[in-house]
Every structure is written in structure tokens, then in C-alpha cells.
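Trainee: Chain residues, written in single-letter form:
2 protein chains.
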Amino acid sequence: MSDLETRIAQGRGDATAELVLRGGTVWDLVTDTMITGDVAICGDTIVGIGADYAGHAVVDVTGLTLVPGFIDTHLHIESSLVTPFEFDRCVTPLGVTTAICDPHEIANVIGIEGIRYFQQASEHTLMDIRVQLSSCVPSTEMETAGARIDAEDLAALMKHPSGIGLAEFMNYPGVIHRDPGAMAKLRLFDGRHIDGHCPQLSGRDLNAYAAAGIRTEHEATTADEALEKLQKGMRVLIREGSVSKDLHALQPLLTDVTAPYMCLCTDDRNPLDIGEEGHLNFMIAELIRLGTSPLAAYRAASLSGAEAFGLKDRGQIAPGRRADIVALSDVASCRVAKVIAGGVVVDEAAFASRGGVAPVARRSVRAPHLTARDFRTTPNREETDVIGILEGKIITEHLHETVPIVDGDTPPDPARDLARIAVVERHGKNGNIANGFVRGFGLKAGAIASTVCHDHHNIACVGVDYADMALAANRLAQIEGGFVVAQDGKVLAELSLPVAGLMSLAPFEQVRADLECLRSAATSLGVTLREPFLQLAFLALPVIPALKITDRGMVDVRRFELIG
Amino acid sequence: MSDLETRIAQGRGDATAELVLRGGTVWDLVTDTMITGDVAICGDTIVGIGADYAGHAVVDVTGLTLVPGFIDTHLHIESSLVTPFEFDRCVTPLGVTTAICDPHEIANVIGIEGIRYFQQASEHTLMDIRVQLSSCVPSTEMETAGARIDAEDLAALMKHPSGIGLAEFMNYPGVIHRDPGAMAKLRLFDGRHIDGHCPQLSGRDLNAYAAAGIRTEHEATTADEALEKLQKGMRVLIREGSVSKDLHALQPLLTDVTAPYMCLCTDDRNPLDIGEEGHLNFMIAELIRLGTSPLAAYRAASLSGAEAFGLKDRGQIAPGRRADIVALSDVASCRVAKVIAGGVVVDEAAFASRGGVAPVARRSVRAPHLTARDFRTTPNREETDVIGILEGKIITEHLHETVPIVDGDTPPDPARDLARIAVVERHGKNGNIANGFVRGFGLKAGAIASTVCHDHHNIACVGVDYADMALAANRLAQIEGGFVVAQDGKVLAELSLPVAGLMSLAPFEQVRADLECLRSAATSLGVTLREPFLQLAFLALPVIPALKITDRGMVDVRRFELIG
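Quick mapping for you: the protein sequence lines, in order, are chains P and Y.
Just so we're aligned: 466 in this note's numbering is position 466 of the first sequence, and the numbers increase by one with no gaps anywhere.
Just so we're aligned: 382 in this note's numbering is position 382 of the second sequence, and the numbers increase by one with no gaps anywhere.
No lab work stands behind these hints, which were simulated from the structure alone.
These figures come from a predicted structure and were not determined experimentally.
Treat the hints loosely; a few may be bogus.
Since the list gives no way to pick out one identical chain from another, each pair is judged satisfied if it fits inside one copy or across any two copies.
Here are the computed lysine to any residue pairs in the SDA-like style, where the Cα-Cα straight-line distance is at most 25 Å [unchecked claim]: (1) K159 - G191; (2) K312 - M183; (3) K429 - A15; (4) K159 - P498; (5) K429 - I112; (6) K393 - P545; (7) K159 - L4.
Bound-form chain P, shown alone (with noise of 0.2 Å):
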């Protein structure tokens, strides 16, 4: 942060400015109106523009149409299955140049020092990370999370300057039937940003849900829902990650004038996404093609969600903001020749300059060995309740079907796409092993396994053999997670996460090479969807409709337990 008086010196001209821009245009988007002449720079602070400046240091982006940073209003980094620092170099080139993360998915294997290993990345990163304080870990008390956090850790937490407020309170039935412990979260953030989770919620349950003071949301995958949630008060974050694709669905809702009330966030999004279609870029310039107004998708982008989270030091090229700056070559297609992130100019030399911190949660893989027989369910009737996938989405179909009952077992059926879905619990604390039945996989051999599994992480396993199930769940604990494909008794593909079975040490680039062998690993196993892995981890997740599967069982998510 750079002195007050210095600031208001090279503002006005008084002394030379540390980074001039020269040679662009400002697309202001407050009035929609375009502005020539420099852009002055001090520290991490715009204090000039539309005049001449002299500066120390002077970038030209002649030519370029220069708009403020874009602000992804909700993620998880873990998704990007790199560590904040990757993902820093992977998406702030794109513009990208706030994160609102939420670090639960590291918070749910190994509690509140994931959250600090978060808030101590952010303050190295180019890009500026705000790390929200996870309400919700475990998500639910339907399953067993490597950790617990209570009111009073995130006291503990709330001090550090990455904070906003509260991260997705993802337990909305504990909100709307006032449960005490979540009670207690929002009390400690009364005052404070109180960001939502809710899907499907509407009527009287939505006015209960924003009555507790919760001011944005990204679970809308209607425009009708979108706009229920938009009138009751909640700013609408337009969410397109790589399972759940809602931008089609909601952008007819972003127009001139909810657009100052409308964000974009990517919630969960892997590298191979970011690598083949980009990421709050290619979400404005999807936007556009689809016929929303560039001013609407760039409000969206930026100066909307810097509202919404009451960031008032960004949103717009104007003096006295952060100097967040992205400079488009092509506004329609949101082409980004140039990145200025909190006044630096983005490129290799600036990320090899950063400082670092040591990856935390190593070794946190702790499964039971499995063996085929693990996976044998032992049902005591043929009618069984089956998850249905839904591409593209995290909510699912609450399916019934009859499996024959085979030696005891109700086997997976290849020819009827249902395979067998297991859950097991990897944090060392009971070892707990849950069976069930899936459809949409298109899985014909093998199995895949994963430690990304929301939000708890334990293993999740979807295969139609047995042995090759056991094989890629044990090889899980062996390479501290990740990603494994399994036939015939071989490993086919596979991606070590050894950051709390999350994260990569690897470079993005190297990751994405590895998820694309994976891709190709599980096509060769009849695998139909686009985005196995990412479908898989959300198939655990039960604060989603309508059907999920968890370490103690198969949940009902609309009655909000465990199903016999």
C-alpha cells in the first residue's frame, strides 16, 4: 500500500508516476463511455486517468481497450487441482485478477490450518485472493469430514485481511430450521458479507433463507429461480464451472438492468477447462455471443461483483481503485493481450518473483485396504434407489430401480448403465464403506477412484468390477490421492494430489497433460461423460438435490437424511 500522500502526489501530477499506461483506451463501465489518455499507477493504486502522466515506467497498450479486473465471486481453488500459487499463474493472465474463494474443501480434510494455508497464499499471489471463511465443514452431519469447525475456530480466523465474511452457508436447512450451531455461525458474521447456497429453495423458505441476512447466491440453475432469488434480495452469482453449466440457463436474466445486480463465478473449475475454453473470459465472451450487451457482461464481470461483496477499492479504472487492469485486444470475444493485477504488470518474471509457503496436508490419505469384497452390497430386496446423473449439472435424478439379487449381492449391470457407486472414508477416523447404484456413467470395464469426492473427500469409486474397484481405491493411498483409472487388474491413468488429496505439486500444464490421459483412460472403459472425475466428486455431495451417496449411506437430499 502505497503513502497516502504520494498517492495524491502522482494523481496529480505533482511527481512522476511509478506505471504509466499509455495508449489505450478506458472502457468505463459506471457511465459506459470510453476515455483516452494515460492511466496512471502508484503502488497497487490507480491515481490517474484521462490526462498525460510521466511515469518511471511506461506500458505501451496502444490500441487495447482497457476494462477493470475481473472478480470470480465464488470458487474453490482445490478445483483447479493445482495449488493457489498454479492457479494464480493459470487463470490471472485471463484477467482473472480476484478470487472469492472458499477453502472447504481443504477445510473439510484437515480443518482450519487448510483455511490459514489459504489466507497465507494470498498474500503472495499476483492475483488477489479473498478467502471466505467456510460455514459448513462437514457439510452435513450425513457424513464423516477429516475435520470440524465451529463459531468459535472461525473467530479465530476472521482477523486476516483476505477475509470478507462467511463462505456459502451450504446448510440451508440448518438456516431455515434454526439449527443452533449455525445459529452461532451467522451471529459471529452478523454485519459481515454472508454469501448463500441454496438450490432449488423458493416461496417461504427462500424468505426465511435471506431473512438470516444471506446477500448473494450461485446455485440458481433457472432463470426463474434466479430471479426469485435476485427479488428476495440476493444478488445472483451466474455460475459456469466445469460440471455445473449454468450460464445458458440464466444469461436471458442478465440484461442492462439486472446486470449491476448479477455477478459471474466459476465455483468449480479444472484445468483442462481453463486450458480448452479460458475462464471468467470465456464465460463474458459467451455471454456476448448469446446476445447480452457487452456492458452487461463486463459489468457482471467486474464492477458487479465488487458491489455485491462490498469490495469498494475495485470495479472500475478510476482513481483511488486497486489498479486491476485488463487490456482487451478484442472486446466481444474478451481477447486479453495484457494483465495489470494490483498494479503489476502479469507476466513470468512477475510470478517467479512471488514469495512462497510450504503445502500443508500431506500424507492425508488413511483408507482401510479394500478387496472386491468390499463392494458387494447385501441388499435384502430387489428395488434399489439409483443416483441419476444429469451432465453438466451437480443436482441429480432420484431414480428406483429392480437388480436382481445375485449370491447375496445386487451386482452392477453393465447392459442397464448401472454401476456400483462406493463411498469409503479415508480420514482415519472409522473406515466406513457405503454401496450403491449409479446411472449416466456409461461405464462398461474397470472403475475409477478419486479422493475429490464434496465436500467431505473420501474416496469415491464408481466401477463395474469389483477387483479393479478395490485396485484403484488402494493405489488412491498410495500416491496421496488423486485420480486413478483401473482395468484388468492394471492402473490405466492416473494423478497424484498430495495436498490434502486435492491438490497437485505439478505444474497446471503438467496436470492438465495428466487429465487428458485420464480422459482418454476412461473413454476406453465406455465412459460417456465429458467430465468423469468432476461428476463423480459431486455425486457425494448431499446439501445437492435430489439423490448423493456418502460414506454412511445414500441420502435423500429433499428430506435431508439417510435413506435405509
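We have chain P already, so just place chain Y on it with the hints.
Mentor: Same frame as chain P, now just chain Y:
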């Protein structure tokens, strides 16, 4: 503040709502949609919309359109000439449920005791009075005020819940030239809201001012000026006071695109105008009449003000927001049928049940006894500076005239509309008297005098007869300040303002009647200005260009210095 659990329970319909508004239609300003159904209120908070609710009390709003309570984003309540309690009774029924005030008038008379008076009053009024802390007391070093407030004084006042931040930073030269006292105050409020005041500042000077972190501003008098301020990161507050009337000039800039970033304010509005025209309700109707879309006008009047000042708990009729609701019988003309302020139905009974605070700053007028001789100039040349009034503006022209020296004095010349203007120190500090010329009153006889004289609130007196000037000024000391019109040795009309020489203890209706008498009396002296006392009040304010007068002499505001 009602209990969190109670709000959620009432929102869900698990408990009976305290208050239900039935039969109306909510106009949601976020989505520009109409929502039917009950509005449920628990304590001071809305807990439900768009559904059926049972209520302990039900208010019938059949056929009415419900919009969020209006927010006056910048005003000096003292300019209403009544106490905060009478201001509340006068203005809340017009739909103003939040008033962001700067008590710097009373603060200039008695310092922080005056600010504390407003803070305490805010605990009792039906409207939510937010008390910004006065940044510039005195406004400059070119005047004698009754008090001085430094950064450490402000620090002692910062904890009161009515605070938002630092009030209008009028000493803009102090900001852009890095005056140490100004810097100390800015630093004290780092990270909080800092309101601005920088008439006609532009270019790199405006960049420097905005770079200091100042984010709202209300002094733009042209659309070009307002546009530049918006572009430079300041939210623009359109002002329509009793003297400064900027609505017509700025209205073209208020569109659906800019409305989320523009607000409304009155700054200084007297009870006559409130009675004859209205308050923010008048501004809304006038904007719509001039062609502004109703959505833009109502947003600027509520939602955008809440966003600009970080008041996340209001600005929309939605669960979790303050129950500040205006029920309109007509939208375009902003006809207010009923008002709910903080969950209380606004009526005489509600006003009668408020608590009170004893008035402060009695007997504050301690001026020297004056005689006719005190108003003589002692010129050494016939060329003289003349303040040129621009009716309806607080900026003035700097005129130059030649006045023959008669008997060692340059006397008033009614034929050329050249009246004597004098400012007399009245805080008991030094008894300064400064004399000069003013053009624009049209005065043909007698004198008018006032203790409402921004911001130092010394005695300001305009006349063409020195004996009448002395009479009027001396009378002010006897009535504890206020307004006097005198002619031929007699007081024609007067209004006593015994609270700091600024506010009456009478009901606003009585003050209104007295002001009409004063206006008639002034007119009988030839005065052609519609608001002679308000116009007079700003002639001594040396932070508004171009030529002003204080107790220390004439001030060239553009050079920010006293002239010889």
C-alpha cells in the same frame, strides 16, 4: 433488532409475523418486476414477500405500489431550521426513511457536543439518521468558527452506530496539496466511507482528490462535471436544495445505465420548500416529468444510495432488509400514501411515542454590540470587488465595480443593486467585522441579518441602511440567533433559532409560517430573490467559488485566499 431465530421463523411462516402489509404490489427495483403477495415484517426487518402471511397486525395497502424508503444521501438537517425530531416529523411522512447527515453546522458552533447531539437524536427518530463525522470544522483557515475539530476529536466519535464515515471533505485544496491535518483525517477513515465536496474540480486535480479514496460527491452543477466525477470513481449525488438546484442540469445524465451509480440528496432544504414542493418525493416526480425513467429515478432515490454508502441492509423490499417502505398511490408523481420506517407505521402516534434529547447550544450568539459606523468601509480606492449572486446556485461571480468614496466610505448604491454585506464574528472569539459589496438581492431599503451563515455561522447582514443593519444584527443576539428583517429602525419580521443559532424549538409548521412572514418582509424591502436568507447563508462559505466573504474579509475562492 429482533432476534435472528425469530426473523427466520416469521419469514418461514412458522411463527406469526409482527406486521403484515396486505393488498399492495412490491415494485422490485433490482429486477424491475412487480410482486404481489403479503410483505411480512419482524421488528425493523422485512422477513417475507410474495407469499401469504398471518400477522399480529395487518396494514391494508390495497391498490398501492410499494417501493423502498428513500435515502437522502447528503444533507445538513440544521438547514431545515428545526431539530432532528421535527425534521423527522416533517420529512419521514414524505417517504424519506434514511437521512445521511453531516452535522457540521452545529459542529462549527459548539464542536463535538453538537455532533453528539445528532448521534443521540438518531437513536430516537423514526427515520434512520446516519451521522457522518464532519471533516472540515472550520471549513478553512480564512474564517472564525465557534469550534475546531481535529482528527483526534473525530476518533472519539467513531464508535457510534449511526456513523458511516467521514462527511464531505470540503477542504479540497487541503487534500490535493496534502495538508497534514487533512491527511490525518483521511488516514483515520482509511477503509471507511469518505464523502466528497469539490465543486468544479477536474483533470489531474480531480484525479488527485479521488486518489485520496473519496467516493461520493454532490457539488457537480453541470452534466459534464458530473460525468467526469462518475468516470473518476465518485458516485454522484444529484442535489436539489433550497438554494443549490442541480436537478435540471444533471437530469440528462441519469439514465438506466448510470442510475445504479447516482443518488439523490437535498444538502440544504428549508421547511418552506419542503412544504411547497416536497423533499426527495419532489425530486423523483420532477425527474420523471423531465423524462427520466421511473426505474432510474426510484433507484437513485433508494437502492443506489444504499449501495453507494455501503448500507447493505436497505434499498430493496426484500427479506433481511430494513422495513423501510413507501406505499405510493401514484408512481409517476410519487404520491406517498403511507410510510413504514424501520418496521414502524409512520403516523402522529408513532412520532409522539419517540424518546427525546434535550437541545444543546443555547445562548450561543455572543457578538459585539454594533452601531451604524461598524458597516462603513475604509477604502483607499474606488475599485472594489463585488460578490455577484447567481440565483439558485451557491457558486457566485467575482465582479468588479467602481464606487465613489464618500466621506471616507464606499456606501451602498441601491440604484446599481450594490448592497453592503457584512460578516460579524459571533462566537465570542474576536468580534471581527468584515464589510464588502454584494449584487443580486435588489434591496432598496433596510437590512436583513442571519446567524445561519455557512459554515462558521457568524452573523451575516446585508443592507442599504447602516442603522438598520446594526439593529438587525443586534436583535439576533437578543433572540439567540435566527433571521431578522429591519427597516427604518423597526424589526419587520423575525424567527428565533435558539439551538446554536441554527434551529428552532417550534414545530415545523410554525417555522414555515414565520418564514413566509420573513419572505414577505424581505420582498417589501425590494428583495427579488426567492430565498434571500438561504442565498445569504452561502455568501460566507469560502469553499464554494468564486468570491465569498467571512469575518476576516473577502475571499477569492479560486486562489483560496483572503483579498486585501
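Trainee: For each hint, tell me whether it holds in the structure or not.
Mentor: Right, here's what the structure says about each hint:
For a Cα distance limit of 25 Å, the shortest separation of K159 from G191 qualifies both inside one copy, at 15 Å, and across copies, at 15 Å. Taking the closest pair of Cα atoms, K312 and M183 come within 25 Å of each other only across two copies (20 Å); inside a single copy the shortest separation is 28 Å, beyond that limit. Proximity of K429 to A15 under the C-alpha cut-off of 25 Å is found in neither arrangement, the shortest distances being 61 Å within a copy and 41 Å between copies. Neither within a single protomer nor between protomers do K159 and P498 lie at most 25 Å apart by alpha-carbon distance, with minima of 29 Å and 47 Å respectively.
In this assembly of identical chains, the alpha carbons of K429 and I112 lie at most 25 Å apart only when taken from the same copy (18 Å versus 60 Å across copies). For a Cα distance limit of 25 Å, the shortest separation of K393 from P545 inside one copy, 11 Å, qualifies, whereas the shortest one across copies, 61 Å, does not. Taking the shortest Cα distances, K159 and L4 sit within 25 Å of each other both inside one copy (23 Å) and across copies (24 Å).
The earlier numbered hints that this structure contradicts are 3 and 4.
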